[in-house]
Amino acid sequence: MTYDSAEIAPPVADDVDTFIRLICDELLGYFARRVVPHEDAADCLSETLLVLWCKRDKLPAAHGDRRAWSYGIAHRVLAAQQRNQLRQHSLAGRLQEQLRFRPLVAESTDDAAITALASLSIRDRELVTLVVWEGLTIAQAAVVLGIKPDAARARYSRARRTLRKHLSA
Amino acid sequence: MDEMTDDENRIRALGQLRSHPGAEDAARELAVALEDPEVRAEAERSRGRLRRSSIGKWVATGSLIAVVGVGVAVPAAALSSFLARTGEFGDPTTSTEVDESEWIALGADDAPQVVIDAYPDYLTLPPGVPRDAAIADVSKIFARLDAEAGGQGLAQEGLMASTYDGFAICAWTVEWLTAEKASDADREQLAADWLSDTDNFRTLVASDGGGVTEWLMEIASAARAGDVNALRDFNRQLDCVERLDGVKR
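Sequence order for the protein chains is A and B. According to this note's numbering, the first sequence is numbered sequentially starting from 4. According to this note's numbering, the second sequence is numbered sequentially starting from 842.
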């Protein structure tokens, strides 16, 4: 299974359906880490895949750019989920059942790390987690968040300093 | 990227996921199902129905606010020294709406002034509806959305202009209904003409990711055809009475 960003190989998928099959596990991981209740990750994934299909003409050519672009869509779908504006997908029923009873997110006892992450601003937190959880480069995460790469790098450095301060205390 | 630091590795560990073949299979099944154009077409139809029902809310309340992230809330006071203008701009390639305008921190001290400044120069309101009524309405909407976001609300400046457009659409809809009730054909025609010209609510149209303009044009057609029920229904969907509360007509 390829949820762990460190295990993500960069296969190049020329056709849309192959790319979407490759990215769907990653995107499920993205939502599983962020969506409460857990089973709503199924609706988020379904909506994201549907948008990917709808906008497939705009799919970038390079694999890294495709991933970043797909996470950009996922990012917007997540915002919609948090506004309770996501529809229920009948297609996602089986996945919902799986996630309801067996959540994917591992529990952690590293309270200091949880507190350090929570101390970041919401936007810095999303930037950091896109990089360390989803394996995007800072420049790709900048695309997802709609900010300039230089601004993302500055934010990332600041977030690193904040994490250091909390975790070395 | 450089090697991850120990701190980053600890954060990374928080995001580790359990292996779960059942979920993997179900996710793959979903992806494969969506490869079928007929399945996607049906999903799109269902999506369109939802979109239509939520568009009214969007036009009415500017509810497309971005509140990114969940988890431990930062106290609203922590934002109070921030300036509203974030220096970050929307990227249409990552959005279902088309809006490249700046993100505004709604909890900042100067955010109310940004909302006032977002009043579009081109906006025309019906006789008897003052500019201040629009500003009061839009300010109230963004203040409420920020409160709902625990003082961490973010919204694009374009959304503010769109929300002003929504107010004007409401005002002209009420103007049409008032004129129709008074059998004032000239006023009714003026309101129908205004609703038919997309240039009058150009920010809303420019940021339309699909469906909004089409829906508004249906309403304009109904106004030209004298369809009172359609206009009343539209009026209700947009909460126009509430938005024009306090405007003496």
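If you are wondering where the hints come from, they were derived from the structure by calculation, not from laboratory data. Just so you know, even glycine gets a beta-carbon here, dropped at the ideal spot from N, CA and C. Mixed in with the good hints, there may be bad ones.
Derived pair list, reagent style EDC-like, types lysine to aspartate or glutamate, alpha-carbon separation capped at 16 Å [stated by the list, open to error]: (1) A:Lys168 <-> B:Glu1059; (2) A:Lys168 <-> A:Glu100; (3) A:Lys58 <-> A:Glu42; (4) B:Lys981 <-> B:Asp847; (5) A:Lys151 <-> B:Glu1083; (6) A:Lys58 <-> A:Asp114; (7) A:Lys58 <-> B:Asp847; (8) B:Lys981 <-> B:Glu1083; (9) B:Lys981 <-> B:Asp962; (10) A:Lys151 <-> A:Glu129; (11) A:Lys58 <-> B:Glu876; (12) B:Lys1022 <-> B:Asp958.
Across the chosen pairs, the derived CB separations fall in these ranges [stated by the list, open to error]: (13) B:Glu989 <-> A:Asp114: 45 to 51 Å; (14) B:Gly969 <-> A:Ala64: 35 to 41 Å; (15) B:Val873 <-> A:Lys61: 18 to 24 Å; (16) B:Asp877 <-> A:Arg167: 45 to 51 Å; (17) A:Ala157 <-> B:Arg1043: 33 to 39 Å; (18) A:Val19 <-> B:Asp1027: 32 to 38 Å; (19) A:Ser160 <-> B:Arg1077: 27 to 33 Å.
Away from chain A, derived, C-beta distances all over 10 Å, residues of chain B [what the hints assert, rightly or not]: (20) Met845; (21) Ile852; (22) Glu865; (23) Ala988.
Hints and how they fare:
no.	hint	in the structure
1	A:Lys168 <-> B:Glu1059	57 Å, violated
2	A:Lys168 <-> A:Glu100	41 Å, violated
3	A:Lys58 <-> A:Glu42	25 Å, violated
4	B:Lys981 <-> B:Asp847	46 Å, violated
5	A:Lys151 <-> B:Glu1083	39 Å, violated
6	A:Lys58 <-> A:Asp114	40 Å, violated
7	A:Lys58 <-> B:Asp847	39 Å, violated
8	B:Lys981 <-> B:Glu1083	11 Å, holds
9	B:Lys981 <-> B:Asp962	20 Å, violated
10	A:Lys151 <-> A:Glu129	15 Å, holds
11	A:Lys58 <-> B:Glu876	14 Å, holds
12	B:Lys1022 <-> B:Asp958	35 Å, violated
13	B:Glu989 <-> A:Asp114: 45 to 51 Å	29 Å, violated
14	B:Gly969 <-> A:Ala64: 35 to 41 Å	56 Å, violated
15	B:Val873 <-> A:Lys61: 18 to 24 Å	22 Å, holds
16	B:Asp877 <-> A:Arg167: 45 to 51 Å	50 Å, holds
17	A:Ala157 <-> B:Arg1043: 33 to 39 Å	35 Å, holds
18	A:Val19 <-> B:Asp1027: 32 to 38 Å	54 Å, violated
19	A:Ser160 <-> B:Arg1077: 27 to 33 Å	51 Å, violated
20	Met845	7 Å, violated
21	Ile852	5 Å, violated
22	Glu865	5 Å, violated
23	Ala988	15 Å, holds
Hint violations for this structure: numbers 1, 2, 3, 4, 5, 6, 7, 9, 12, 13, 14, 18, 19, 20, 21 and 22, all remaining hints satisfied.
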